[in-house]
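Peer 1: For the protein sequence lines, the chains are A and B, in the order given. Using my numbering, read the first sequence as starting at 3 and increasing by one per residue. Using my numbering, read the second sequence as starting at 7 and increasing by one per residue.
Just so you know, these hints were derived from the structure itself, not from any lab. Keep in mind that this is a model prediction, so the values were computed, not measured. Any given hint could turn out to be false.
What the hints assert, rightly or not - Result set (DSS-like, lysine-lysine): computed pairs, CA atoms no more than 27 Å apart in a straight line:
| hint | chain 1 | residue 1 | chain 2 | residue 2 |
| --- | --- | --- | --- | --- |
| 1 | A | LYS47 | B | LYS71 |
| 2 | B | LYS71 | A | LYS174 |
| 3 | B | LYS71 | A | LYS95 |
| 4 | A | LYS100 | B | LYS71 |
| 5 | A | LYS47 | B | LYS135 |
| 6 | A | LYS176 | A | LYS100 |
| 7 | B | LYS71 | A | LYS171 |
| 8 | A | LYS100 | A | LYS47 |
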Amino acid sequence: VNVRVTIEDSARPALARLREEMGPEVLNRHIGRAEERLFKDHIGKLPANKMGRSTGFWADAARGTHAESSAERVTVVVSKLGFRQRVLGGTIKAVNGKYLTIPARAEFYGSRARAFTNLRFVMFRSGTAALVIGDGGAERVTSLGASQLVGGKKGAAQTVGMVAYWLKKEVKQKPDPGVIPSEGQIVGTARDAIAAAVRRSDSKGGKR
Amino acid sequence: MPIDFSSLLPFEDALRSLARRGVLPSSLDSTGLRALGANFHRANFTSAQTVLTDLLEGYKARVAKILNPLESTRVDRVTPSNPGGRVQVGLDPAQALLEIRELQRSLGYQPEADQAGTITDLSSDARIKLVLRTNTQLAQGAGSFARAQDPELLDLWPAQELYRLEPRDQERDWAQRWRIAAAVAGDARALAAMELHGQMAALKSSGIWQALGDGEGGFLDTLGNPYPPFAFNSGMWTRELSREEAEDLGLLTSEDVVEANGLGVEGLFGEVAA
């Protein structure tokens, strides 16, 4: 996802002066650095999922965050599959199969259903479909030559009939604009970066 | 100051560092590969005891997809907040793992019975995740490093900080590594910044970054680079520090002129054929 920030208040004397001293493209690169760090820090601190099990999604997103700048604008890019969906929300429909698989337990989070054996399809009377754990417990295929009981030998995830994944033809995800910094933070960061560049220019004797 | 969500831009510096690495099968174990040095690894995409070229090509292609999600449009995804119906398409690590294992199956790979499921089993979860994660992060770290050396911004962004981005069950003692690396690099200011302010911060030009990557002090888990992740599964990353932050930490004074990292971006990564 890209968040594009365009600085419009070019009439401000400080900004005009910096543009002259540094050049608009370099100035925007400087602002981009500040925005990149704001986004990285914000995204990297987002909490793990509802089940409390981190898949490293937010850390991956933070590592994939960078700023692209030109003379006209600063663009912060988050190169992470699924990030846009978190921000904007919307309906996700099954494309590659009949159902989307929604993990019902922490043990199954961060993995495809295909990574497990002994999961059984059931359709409840309510019309809800699920993959449930079959006799003897679910096993995770950990290599081409090995598998492991999910949750260990005494793990609760061996309970026959326990739901491992809910199956849905589509899910609606609410937008969560909180996964990126607020507009106020973004604007404030740009202003702080401009002010810091002015102070640096002054300390180097560039004050006029 | 409007914010809009628009088409994707690739993390080109990261992709470039990945593209530069040619696939090289090798029967060496991790110790043997490590002995070849960081320059070798920055030029070659390898994995311990992996002689299957197709497998390495498969890894490299999937790392590129993880690094660089693309975009398409779908009518069924049009919403008020996404009027263009734009969706990201690409690869997530869980799907990449299954694809790599399927590739291994098609290549006829089968682990030794006594190694199945261990890190030496090329098809184990632990091994596949390690290769995908390490190479993805190496490309991102290299990309960030290259960008951080921008000579026109070094004066305003002269330093960086090592910090924990991801928790680990058993976190390695990076403060100890920092002290050793600072001593090896002769960077008394970086050492003082940690002792006085509790931050592992140093100028970008400091030798401390290479010393960390070299595992100075006898650490054998490092990757040889002056950029994160520094070591396998470290969970550590770097953030840039502004001039004022660096001055507050005592890393330099307002009169100091900042120099580029002596390693040089070109020296580290060279030219990449288009």
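Peer 1: The structure should be examined with respect to each hint, and the outcome stated for every one.
Peer 2: Hints, one by one, checked against the model:
1. LYS47/A x LYS71/B: Satisfied, since the Cα-Cα distance of roughly 25 Å is no more than 27 Å.
2. LYS71/B x LYS174/A: holds (26 Å)
3. LYS71/B x LYS95/A: Measuring from Cα to Cα gives roughly 22 Å; hence the hint holds.
4. LYS100/A x LYS71/B: Cα-Cα ~24 Å, so holds.
5. LYS47/A x LYS135/B: Since the Cα atoms of LYS47/A and LYS135/B sit roughly 23 Å apart, the hinted pair holds (cutoff 27 Å).
6. LYS176/A x LYS100/A: The given pair, whose Cα atoms are some 22 Å apart, holds under the 27 Å limit.
7. LYS71/B x LYS171/A: holds (26 Å)
8. LYS100/A x LYS47/A: violated (35 Å)
When held up to the earlier numbered hints, the structure conflicts with hint 8 and nothing else.
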